[in-house]
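Peer 1: Here is how the chains run, residue by residue.
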Amino acid sequence: MTANFKLDAMLELRKFLWNELKTRNIFDEDDYWSDNLNENIIPIVPVQQTAEMNQFLSGKKHIVYDKIGMSYEDNWMICCEQILFTIYSTDFSEINEIRNFMTDQFRRMDESARDVNYWSGLSDKFKFFSIFVADISPTAPSEELQGFFSAEVILEIKYSRILDGQGRFL
Amino acid sequence: MLMQASSGLERLMAGNRDGVLKDSTVAQISAYLYYNANVIAKLTKNKQFQSVFSETIFNQIQKDFGEYIDAKARTSPRSLHHVYEWKKVGNKGARLFELSLMSQDGLSFRIGTSFKPSRSLVPLSGGTKRRHVFINKASVMEAGMPLKISPKNATRLVFESDGETVFMPKGASVVVKRPGGPGVKNQYFLAHSRFFTGQLVNQSIKNSGFQRIFNAGMAKALSLPSGIKKVQYKFSPNLVRSQADAALATAFGGVL
Chain A
29 MTANFKLDAM LELRKFLWNE LKTRNIFDED DYWSDNLNEN IIPIVPVQQT AEMNQFLSGK
89 KHIVYDKIGM SYEDNWMICC EQILFTIYST DFSEINEIRN FMTDQFRRMD ESARDVNYWS
149 GLSDKFKFFS IFVADISPTA PSEELQGFFS AEVILEIKYS RILDGQGRFL
Chain B
3 MLMQASSGLE RLMAGNRDGV LKDSTVAQIS AYLYYNANVI AKLTKNKQFQ SVFSETIFNQ
63 IQKDFGEYID AKARTSPRSL HHVYEWKKVG NKGARLFELS LMSQDGLSFR IGTSFKPSRS
123 LVPLSGGTKR RHVFINKASV MEAGMPLKIS PKNATRLVFE SDGETVFMPK GASVVVKRPG
183 GPGVKNQYFL AHSRFFTGQL VNQSIKNSGF QRIFNAGMAK ALSLPSGIKK VQYKFSPNLV
243 RSQADAALAT AFGGVL
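In order, the protein sequences belong to chains A and B.
Just add 28 to wherever you are in the first sequence, counting from 1, and you've got the working numbering.
Just add 2 to wherever you are in the second sequence, counting from 1, and you've got the working numbering.
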């Protein structure tokens with residue numbers, strides 16, 4: 029059986045984050061309805077797609093993410109990644125709200141990983157070991173988007189893909 | 003300093019067998035401390051060890067810092083495009099910044115940063131024909147230095163501005179007040195200071211794995227030789243010192 033190599037821990041974390049932000053009413057998914065696509069767009073976008081999303085997200089709070097780097101530990105089953113989330117909003121307090129939520133959710137290492145593992149939406153091909161907040165920047169006027177404020181949160185995650193007997197991805 | 007301080011123990015290690023009470027405690031505890039002090043002092047003074055220590059940590063910091071700036075630049079290209087070759091923002095191979103290992107004092111070392119010269123041709127814009135290289139692109143834009151552009155080979159400057167071709171008077175120059183745009187000034191140094199004053203550099207040191215290697219080696223070297231564990235009334239400083247040397251060589255192998 030061939031493994032699904034499209035699966036990615038960063039995307040799983042993004043799904044989890046979006047679910048939490050919706051559930052806690054920090055974001056209203058109806059604000060991101062796209063008539064063109066006839067569906068809601070998740071306003072947590074990879075940096076590679078920001079150009080095409082700029083018009084749609086104009087004036088709306090959103091999050092841009094990118095992978096800083098990844099490496100494997102001596103125990104090659106455990107992968108360590110850093111992900112940079114940049115939060116944009118025209119409202120200073122909204123940025124603080126998202127940032128504080130992310131801090132609260134993701135600073136607890138094993139406990140934060142447990143929350144993700146217990147979430148029913150997580151792919152059964154991953155197991156998270158720890159998640160913590162590696163860095164948080166202050167909120168400041170954005171140099172990228174005129175009229176927006178921005179703040180950065182860097183998460184460090186340790187996880188493993190579920191493996192077969194030969195150590196290959198399932 | 004540590005060696006100097008521990009030399010005071012040599013007298014206590016000599017013991018006192020002539021008194022009424024024969025007690026090995028003082029001599030033995032002194033030998034124990036003397037041995038540990040020697041191991042630590044010899045290790046931290048060893049040039050080869052210092053070099054391995056700093057290079058291992060520096061290499062990891064260099065990797066992590068580079069990846070951090072790359073990711074930041076991809077997310078905020080307007081702020082950090084100037085520290086990359088033209089149209090290659092966030093590309094590892096196009097970086098115009100670098101870190102360097104500077105002075106070292108014992109196990110402390112300093113890391114510096116500098117900009118590399120740009121080697122790629124400035125992209126052509128409408129009306130421009132002559133290609134050139136903006137060598138100090140990164141440093142000039144980072145400093146927000148105004149640029150004066152004067153005709154060098156041609157008699158006048160011709161360029162496009164807001165969709166219109168501008169013909170400057172013969173010999174007249176143009177001043178670009180904010181080369182690189184309004185958002186670039188000091189942005190690299192802000193990101194640099196964010197990395198080095200926050201948790202990221204600590205995380206990088208942890209990730210270097212040096213702590214693990216160092217701790218395992220140190221625990222091995224600090225394990226007391228059987229001669230010091232045995233009850234004795236007198237210990238030879240020379241012997242303890244050579245035992246410390248031998249323990250370090252065994253624990254850190256080729257490093258020392």
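Derived by calculation from the structure, the hints in this document are not laboratory data.
Accuracy of the hints is not assured; some may be wrong.
[Stated by the list, open to error] So the derived list for chain A, only partly shown, Cβ under 8 Å to chain B, looks like this:
1) D163
2) G175
3) E184
[Claimed, not checked] Derived pair list, reagent style DSS-like, types lysine-lysine, alpha-carbon separation capped at 25 Å:
4) K88/A - K43/A
5) K150/B - K95/A
6) K88/A - K34/A
7) K155/A - K88/A
8) K95/A - K232/B
9) K232/B - K24/B
10) K89/B - K236/B
11) K155/A - K232/B
12) K95/A - K24/B
13) K88/A - K186/A
14) K208/B - K186/A
15) K208/B - K24/B
16) K153/A - K88/A
17) K186/A - K44/B
18) K43/A - K155/A
19) K187/B - K44/B
20) K186/A - K94/B
21) K24/B - K187/B
22) K208/B - K95/A
23) K94/B - K95/A
24) K89/B - K172/B
25) K90/B - K44/B
26) K34/A - K24/B
27) K34/A - K155/A
The model shown is predicted, which means the values in this text are computed figures rather than measured ones.
We put the CB at the ideal spot given by N, CA and C, even for glycine.
Peer 1: Now tell me if each hint is right for this structure.
Peer 2: Checked hints:
1. D163: 5 Å, holds
2. G175: Check failed: Cβ of G175/A comes no nearer than 14 Å to chain B, outside 8 Å.
3. E184: OK, holds: E184/A within 8 Å of chain B, min 7 Å.
4. K88/A - K43/A: 19 Å, holds
5. K150/B - K95/A: This hinted pair is violated, its Cα atoms lying about 39 Å apart.
6. K88/A - K34/A: With Cα atoms ~29 Å apart, K88/A and K34/A exceed 25 Å; violated.
7. K155/A - K88/A: 33 Å, violated
8. K95/A - K232/B: 56 Å, violated
9. K232/B - K24/B: 15 Å, holds
10. K89/B - K236/B: 73 Å, violated
11. K155/A - K232/B: 51 Å, violated
12. K95/A - K24/B: At roughly 68 Å apart (the allowed maximum being 25 Å), K24/B and K95/A break the hint.
13. K88/A - K186/A: Cα-Cα ~31 Å, so violated.
14. K208/B - K186/A: 14 Å, holds
15. K208/B - K24/B: Answer violated: K208/B to K24/B is near 48 Å, above 25 Å.
16. K153/A - K88/A: Since the Cα atoms of K153/A and K88/A sit roughly 33 Å apart, the hinted pair is violated (cutoff 25 Å).
17. K186/A - K44/B: With Cα atoms ~37 Å apart, K186/A and K44/B exceed 25 Å; violated.
18. K43/A - K155/A: 15 Å, holds
19. K187/B - K44/B: 46 Å, violated
20. K186/A - K94/B: 24 Å, holds
21. K24/B - K187/B: Distance ~74 Å between K24/B and K187/B Cα, so the pair is violated.
22. K208/B - K95/A: Cα-Cα ~20 Å, so holds.
23. K94/B - K95/A: It holds: about 14 Å lies between the C-alpha atoms, which stays within 25 Å.
24. K89/B - K172/B: 32 Å, violated
25. K90/B - K44/B: 48 Å, violated
26. K34/A - K24/B: Answer violated: K34/A to K24/B is near 75 Å, above 25 Å.
27. K34/A - K155/A: 16 Å, holds
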